[in-house]
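From first to last, the protein sequence lines are chains G and P.
Take the position in the first sequence, starting the count at 1, then add 36; the result is the number in the numbering used here.
Take the position in the second sequence, starting the count at 1, then add 36; the result is the number in the numbering used here.
Derived from the structure by calculation, the hints contain no laboratory data.
Accuracy of the hints is not assured; some may be wrong.
Since the list gives no way to pick out one identical chain from another, each pair is judged satisfied if it fits inside one copy or across any two copies.
[Claimed, not checked] No farther apart than 20 angstroms at their CA atoms in a straight line, the calculated lysine to aspartate or glutamate pairs in the EDC-like style are these:
1) LYS58 - ASP229
2) LYS49 - GLU39
3) LYS86 - ASP173
4) LYS253 - ASP275
5) LYS208 - GLU265
6) LYS49 - ASP380
7) LYS451 - GLU154
8) LYS253 - GLU299
A quick note: this is a predicted structure, and the numbers were derived from the prediction, not measured.
Number of protein chains: 2
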Amino acid sequence: MMETALQLIQERKFMELARLLKTQNAADIAVLLGEVDEATLPLVYRILPKELAAETFVEMEPEQQELLIRSFSDRELREMLDELFLDDTVDIIEEMPAGVVKRILKNSDVQTRRSINEILQYPEDSAGTIMTIEYVDLKRDMTVVQAFDRIRRTGYDKETIYDCYVTDASRKLLGLVTVRTLLLSSPDCIIGDIMDTNIVSVGTHDDQEYVAHQFEKYDLLAIPVVDTENRLVGIVTFDDAMDVIQEENTEDIEIMGGMTPSEKTYLRSTSLDLFRHRIPWLLLLMVSATFTGMIITGFESALAVQVVLTAFIPMLMDTGGNSGSQSSVTIIRALSLGEIEFSDLASVVWKEIRAAVLCGTVLAAACFVKIMLIDRLLMGNTDVTVLVAAVVCVTMALTVLVAKIIGCILPMTAKKMGFDPAVMASPFITTIVDAISLLVYFGIAHLLLF
Amino acid sequence: MMETALQLIQERKFMELARLLKTQNAADIAVLLGEVDEATLPLVYRILPKELAAETFVEMEPEQQELLIRSFSDRELREMLDELFLDDTVDIIEEMPAGVVKRILKNSDVQTRRSINEILQYPEDSAGTIMTIEYVDLKRDMTVVQAFDRIRRTGYDKETIYDCYVTDASRKLLGLVTVRTLLLSSPDCIIGDIMDTNIVSVGTHDDQEYVAHQFEKYDLLAIPVVDTENRLVGIVTFDDAMDVIQEENTEDIEIMGGMTPSEKTYLRSTSLDLFRHRIPWLLLLMVSATFTGMIITGFESALAVQVVLTAFIPMLMDTGGNSGSQSSVTIIRALSLGEIEFSDLASVVWKEIRAAVLCGTVLAAACFVKIMLIDRLLMGNTDVTVLVAAVVCVTMALTVLVAKIIGCILPMTAKKMGFDPAVMASPFITTIVDAISLLVYFGIAHLLLF
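Input sequences plus hints: build the corresponding full structure.
Okay, here's the thing in structure tokens:
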């Protein structure tokens with residue numbers, strides 16, 4: 037439909053465009069609006085039916101939301117805010133500059149404004165900031181028929197009506213009853229008798245990552261958010277949990293790649309943003325490479341005699357770095373999925389040692405064959421003696437062993453100490469393993485060659 | 037409850053245990069069963085109410101599922117299979133050894149057996165293999181009351197009843213109507229009038245990753261799966277989509293860490309499994325390090341004169357590798373989230389070049405200060421002249437530039453050519469950048485020093 041719609045926009049056939057768009061999904065229309073120019077954007081947006089317009093607005097990029105809000109009259113803004121769920125309004129506010137936020141708050145009704153301000157006060161990335169306060173609440177003495185009445189009366193404005201929460205007079209959470217249960221129960225059943233009292237809930241200050249894990253573990257549609265007195269204050273729905281999972285995965289991957297995590301998508305990041313997120317680690321790792329330089333300088337005279345040893349430094353360092361990062365990445369992921377914890381340390385290390393011995397032996401053997409065949413025979417480098425090959429291969433096996441042990445211990449220890457284990461991924465491990473592999477290399481060379 | 041339950045098991049107080057467990061979540065009970073020994077497992081499992089037992093079974097680790105199935109009589113097995121949703125049965129079958137699969141199929145009814153065999157024939161990781169065939173279907177001429185009747189009659193066995201699918205006599209998918217719409221419509225409305233005909237659906241052979249992306253994009257509860265003739269054959273529910281997202285993220289992270297992806301969790305993998313998934317890349321990367329060795333050998337005589345140059349090789353290689361992997365990891369993630377595609381190549385490269393110039397300049401400047409202060413002044417290494425520092429710093433800036441350009445071009449090209457872009461992450465980039473940084477290093481050294 038993209039091409040057709042863009043065609044219609046170009047030909048200014050807005051009537052036809054309106055007919056086409058009203059049957060489309062909000063997510064797809066948002067992509068379309070991303071393609072039209074600044075001047076046309078408000079025109080196209082205004083032809084959408086009110087509800088679809090609000091849904092589309094939520095799916096748009098912040099830059100375009102801002103453009104639109106600036107083009108809105110106060111009445112238009114009020115009408116749109118009326119259609120939005122509160123959690124979406126809060127999401128939008130968090131991305132807007134102060135002037136726009138002021139206008140949004142000015143045009144919200146008193147109750148909404150109060151709720152927004154409350155939500156904005158929860159700690160960043162907590163359950164409170166991603167929850168919605170629009171849910172269906174029932175009382176325990178209602179019948180199924182009364183419950184359906186209430187859902188019909190109040191359900192229109194709720195993000196989900198399928199999970200209904202039973203609360204007492206002081207809003208304390210008593211139970212959960214699903215529309216499925218309501219439909220499959222007879223009409224005169226009492227809610228208190230059919231509600232599920234074994235509820236998984238989270239606190240307003242719980243981390244969003246923890247909230248998302250509950251969804252994965254229990255396959256939930258929504259999770260209730262309660263305050264310290266077990267009073268129901270909101271719910272988080274599965275679609276928000278899915279977004280959190282992807283955000284957290286992106287963050288892990290960025291940190292593992294040696295960057296500070298960014299909130300912006302790639303296309304929205306400027307090169308200055310990229311620079312700011314990348315330079316800290318690059319500087320830190322560069323300076324720490326001073327140690328490897330010092331080690332080589334320390335063995336300079338030995339290297340001057342056996343220059344051939346230099347040629348194998350990159351291979352040894354890279355293989356060590358790769359072995360270590362394989363282990364660390366595996367462990368970081370297992371930690372983040374909750375598959376292992378610190379108490380598993382001994383069994384993890386033992387497993388890694390056995391894997392390292394297997395990898396190290398195969399690599400050393402392959403390396404020996406490679407050196408003798410390629411470097412000595414094929415390239416005719418007579419400096420490469422059997423003894424040199426032996427030094428390289430023994431170093432390789434030992435480096436792989438050390439790298440894999442460090443690669444599993446560091447992330448687990450980091451987590452135990454309250455740091456993000458993802459920091460202990462390849463760039464960090466590589467730097468440590470480099471230094472160790474050089475020390476081992478020169479140590480063994482010293483023993484066997486000099 | 038874990039401690040209480042384990043205590044009760046130890047004291048053989050099964051009556052009390054049964055009372056405790058029947059109020060718990062299946063996911064939690066599965067964790068508990070993971071803690072008890074082989075002999076006790078069937079005992080504890082048998083005290084669970086039938087439905088909860090089946091739910092718990094689905095959540096358990098394959099090893100324990102196998103243990104239980106082997107302890108079941110044929111009647112017990114049949115009873116449990118009756119309670120399971122078909123997609124869960126298929127998941128279990130995929131993990132079991134042939135003998136157990138045979139027993140499961142023997143104890144399924146004819147219709148189920150036929151469906152299982154059909155699902156098992158879909159390509160691995162396709163929509164067909166993760167779908168469930170139990171959904172609510174409605175006809176377009178039903179009224180809302182009739183629809184509710186049908187849901188009440190057939191809903192008990194369905195995984196979700198909230199999305200109902202409207203099909204014609206030949207099972208072609210006509211529309212979607214949610215229970216929410218049904219509840220908010222008047223009882224005598226005709227389904228054909230209130231159904232949504234703009235449906236997002238996937239094909240049986242579509243990749244599960246694509247399916248999961250549709251959930252993220254459209255915030256769906258379930259998605260219909262249709263065959264090539266648009267006949268409805270099943271649905272995928274959001275909880276399965278969430279699992280797929282996590283699986284795909286794990287796979288990406290493993291590949292980026294230089295491993296072939298594994299289907300097993302860390303604790304279930306033996307050290308032989310770890311070895312098998314890790315050795316191919318280690319071998320490949322070790323052999324390709326032959327090039328770096330050759331480059332160094334080629335400049336051996338130059339190095340013998342200026343041994344001080346050797347000390348900076350690790351720092352240059354690591355900084356290059358880190359810069360390149362930052363870019364490649366960022367690009368791989370953006371590709372996998374669908375934020376960028378091949379047509380963005382020019383703007384991506386241009387953005388990376390600008391970021392690289394910023395990073396390279398700052399790094400080169402910092403490196404110059406570091407060399408003059410630490411290596412020359414502090415450590416008193418008089419071989420480190422201003423000219424040597426200049427060679428190192430210019431090499432660094434150029435290496436960062438080349439590394440970032442390669443780091444963004446390779447993953448995008450890989451994707452375009454139909455490969456998994458994750459393969460182009462740090463280990464691969466590092467090897468290429470190593471060789472390039474050495475060539476640049478010796479080239480510049482040749483110009484300025486000899």
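Going down the list of hints, with the structure as the test:
Taking the shortest alpha-carbon separations for LYS58 and ASP229, only the inter-copy value of 16 angstroms comes in at or below 20 angstroms, while the best intra-copy value is 43 angstroms. Within a single copy, LYS49 and GLU39 get their C-alpha atoms as close as 14 angstroms, which meets the 20 angstroms cut-off; across copies the closest is 69 angstroms, which misses it. Proximity of LYS86 and ASP173 under a CA criterion of 20 angstroms is satisfied in neither setting, with 27 angstroms inside one chain copy and 31 angstroms between copies. Taking the closest pair of Cα atoms, LYS253 and ASP275 come within 20 angstroms of each other both inside a single copy (15 angstroms) and across two copies (10 angstroms).
Proximity of LYS208 to GLU265 under the C-alpha cut-off of 20 angstroms is restricted to the intra-copy arrangement: shortest distance 8 angstroms within a copy versus 51 angstroms between copies. In this homomeric assembly, LYS49 and ASP380 never come within 20 angstroms of each other (Cα to Cα): the closest approach is 65 angstroms inside a single copy and 30 angstroms across copies. Taking the closest pair of Cα atoms, LYS451 and GLU154 never come within 20 angstroms of each other, the shortest separation being 32 angstroms inside a single copy and 45 angstroms across copies. Taking the shortest Cα distances, LYS253 and GLU299 sit within 20 angstroms of each other only across copies (18 angstroms), while inside one copy they are farther apart (26 angstroms).
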